[in-house]
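For the protein sequence lines, the chains are P and V, in the order given. Letter 628 of the first sequence, counting from 1, is numbered 628 in my numbering, and no numbers are missing. Letter 60 of the second sequence, counting from 1, is numbered 1060 in my numbering, and no numbers are missing.
With a straight-line Cα cutoff of 25 Å, these simulated DSS-like cross-link-like pairs (lysine-lysine) come out:
1. V:Lys1061 with P:Lys512
2. P:Lys775 with P:Lys20
3. P:Lys848 with P:Lys215
4. V:Lys1008 with P:Lys646
5. P:Lys824 with V:Lys1008
6. P:Lys646 with P:Lys345
7. P:Lys769 with P:Lys806
8. V:Lys1051 with P:Lys646
9. P:Lys824 with P:Lys871
10. P:Lys820 with V:Lys1008
11. P:Lys337 with P:Lys646
12. P:Lys166 with P:Lys240
13. P:Lys774 with P:Lys251
14. V:Lys1051 with V:Lys1061
15. P:Lys240 with P:Lys848
Hints listed in this document are in silico derivations from the structure and should not be mistaken for laboratory results.
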Amino acid sequence: MDDIKYTTHTQPVNRYDSDKDYGTPKKLSEKLVKLNIDGVEITVPEGTSIMHAAQLCGVTVPKLCATDSLEPFGSCRLCLVEIEGRRGYPASCTTPVAEGIQVRTQTSKLADVRRGVMELYISDHPLDCLTCAANGDCELQDMAGAVGLREVRYGYDGENHLKSTKDESNPYFTFDPSKCIVCSRCVRACEETQGTFALTIEGRGFGSKVSAGNKDFLESECVSCGACVQACPTATLMEKTVIEAGTPEHKITTTCAYCGVGCSFDAEMKGEEVVRMTPNKDGGANHGHSCVKGRFAWGYATHQDRITTPMIRKSIHDEWQVVSWDEAINYAASEIKRIETKYGKEAMGGITSSRCTNEEVYVTQKLVRAVFGTNNVDTCARVCHSPTGYGLKQTLGESAGTQTFDSVMQSDVIMIIGANPTDGHPVFASLMKRRLREGAKLIIADPRAIDLVENSPHVRADYHLNLRPGTNVALISALAHVVVTEGLVKEDFVRERCEWDSFVVWRDFVAKPENSPEALEATLGVKAEFVRNAARLFATGGNSAIYYGLGVTEHSQGSTTVMGIANLAMATGNVGREGVGVNPLRGQNNVQGSCDMGSMPHEYPGYRHVSDDATRTLFESAWGRPLSNDPGLRIPNMLDLAGEGKFKALYCVGEDIAQSDPNTQHVTHALENMECVIVQDLFLNETAMYAHVFFPGASFLEKNGTFTNAERRISPVRRVMAPKNGHGERGMEDWEITARLSKALGYEMRYSHACEIMDEIAALTPTFKGVSFKKLDELGSIQWPCDDANPTGTPTMHVDEFVRGKGRFFITQYVPTTEKVNAKYPLILTTGRILSQYNVGAQTRRTKNNVWHAEDLVEIHPHDAEDRGIKDGDWVGITSRAGETVLRATLTERVQPGVIYTTFHHPESGANVITTDNGDWATNCPEFKVTAVQVNRVHQLSDWQKDYQSFSEAQIAFTGKKSNKIIKQPA
Amino acid sequence: MQTEQLIKMANQVGDFFESYPDQVQAQQGIAEHLNRFWALAMRRQIAAHVKEANGVGLHAKVISAISSYLEVE
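Kindly produce the complete structure, drawing on both the sequences and the hints.
If you want it as structure tokens, here you go:
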């Protein structure tokens, strides 16, 4: 929470203390109110509760049903106070402050009432405090002590709930109704914080109980975000890890290693063992909320599949040899030198990952540029958000989203294009849903009916533009056509802030009749009137914000759509303040950061082109090595060349191209043709099966560094345990491994801690100039740009002017993809992700999240299924121009006829065996979202899957580990 | 790299600039894109294809862009 201006006469209160529970949420108001609580005068914003004001004075009012993440409810009657001149005993949680009132929180009458309330609670509560999992961490226990409860006059023999059955269906927490005090905090957390409404209070009076819709938790609508567990004041909802291990003894604040929301968590520890991860109230991105992945799915870090020893081998058909770190590093270095001598430095390169910290990415690109001597370094953003970097740089001047997540609370119209926030970015989605429940309008452009269309309680899209996959540019042009031809352009904004000439060219282009919604109706498959109304709403509805995801970028015209989005935002004046903006939702935790850190082959950290002499000179003098001024190879270029035998050595850090990149067989063919593939990872991932050197990496719990989320927020990753990859030596953080390889190649990187890498980044990158670990410790997180003008960072970008000066419009000609449906491949396959699994699944598949999603299914519309005699649960073969795979079908009207959908979380699914190497014109980002396919009922796995099964089993056996893969297959 | 792949990619770049009213600007835009994002070897290969095989398979605008503005040094 922010600094506040409250004052008391006895002590200054300058900051919120996140360890304190203020009972009710902070209120913001210009109007201040002065009151007196237990003799202390305090001035607070109007609307603040008496409970909250008391806590600011340092006075704690007893409470059970109140907590500061939830609106007050007033049910427990423990927080009653006396107000001079008023009758009765109002609840301090639901009573707002008033000018001049005198409040007393402790009187003998209040003590009596509170003791009476507690007596009733305890008369129906098990007295097993000493053996209870919440012992020492229970608000009921605390309150019994606080009110001085000494006896329960009613006895314990009456009717009670003590024999209620425990619900242990959720893999991560238990629900023990015998310990429930029906305070409704869980129910309210599910509603207010998460927005799922899975829980309710069933029954009345004594029979009231918390219910997950009359089902067990696992079968219910519950998404296992943990908000209810976090809110529960007793042991009713309790993490299983705490039940097993006991209460943690210390905590360290760090950042989640899953999606681009970048939630701040407290790793609650016992020694070097994580007991639980709890969302941090101070987290700038999550404000104390979490999802099932960050909150619970961290067990992969100690999973038995983890490889903790360096390994080498001559050929991918050999068994792995476990070797010392020295031997592995020296072998890798000698291979790199050999290949350089034999094939030249252009035959070598590196790939970084969005799963790496900024510091790791930085040293990896430094190694490739300064030591390998080539710009052949790329990152997995190539296959997700590279069009964002390109498109936003061109139009607005910076390759990043324009807002904070909190900005959505000021939005009146929210347009989501090709993103599924409730699955992909769940914690941000909860915030967005909160705003939508407050009345913001919603426009969704997506071929598929995502949950926000009409499957989220109290949220419904005003317009669902269910366009045909691959027609985003046509849609953006049609929306722009309406804005321009109906006089909805904010001309003042455009004249003042944008390049007028570029606007005129764009305006004349989109105004052409062929860009009208009517002309494009058949192309889009969306009624023209619908598009017109959506455009009118967007242009005239107040603050309009666009949120988009990979459904925009992963197309042959991904970059064009990004530019079109920026055009639309500029034309309607929706950039440069709270509530508006262009917001790419990044898939992985550090997509933004890995791009910021210069992982792209054409640019240095801070998005400066390699041909820029001043920048190159700066890096040459800092690094003491000559650098190339020529853009290097992108991942698809590397793979194409490798397939032809012209690219031979790859250092791949934290990335799994053999699963995540398109046209798997093309990728594995390329890998097979390389002579030295070095993989640095936690697990023997799919790429590592083609590797010659394996460096065991450190999990996010084992290292220091920073991640940068989708709102440019740099957050600290802190080491809570020693790296497990020591193999007889001191364990190494990943940047140390890279530095050691560099030293073996004759170039020493002299860092003693990750913070020194950030210091170097700050010294060489203007947008990071003011960033340091020390400042991150002080501020919690920093949104770049952070420089002399913005020493604490920049929440909203382009406020007075665009980073490039004037915003630039680009015309966006719709060019249909060459990936066309025909009689042989009549359907379009589009891919995505789901809540419980993450990306290639390397982490989440090694957790209990599999109970929600044990296999990838293919969604087929009932009409298409009927035509092909496919029933729900049937095995179907999916064939494209690139390959074939077999998955089980699920029939649903979420997809439109002619479109099928699947996820890519399990390698054996082979989703990318069928995707093609078609890509974005500007960035080569693969066209994952459009593949022409046919589906048929089948009775066996595809040839690729059979080969994969035997190959992967052999590869796992080469490590000496046992394969625990269970590949489901047709009976 | 296979020339077919480069032709496909270059034509895609050309498509983006298809609707530019100013032809010179469009050609410069195409070439600038290749200069900034394509590795030197790829640029040389496509330039050689234009020179030696008349750029067969490439759109006319792309051929002009490559001939006039592509940097291959």
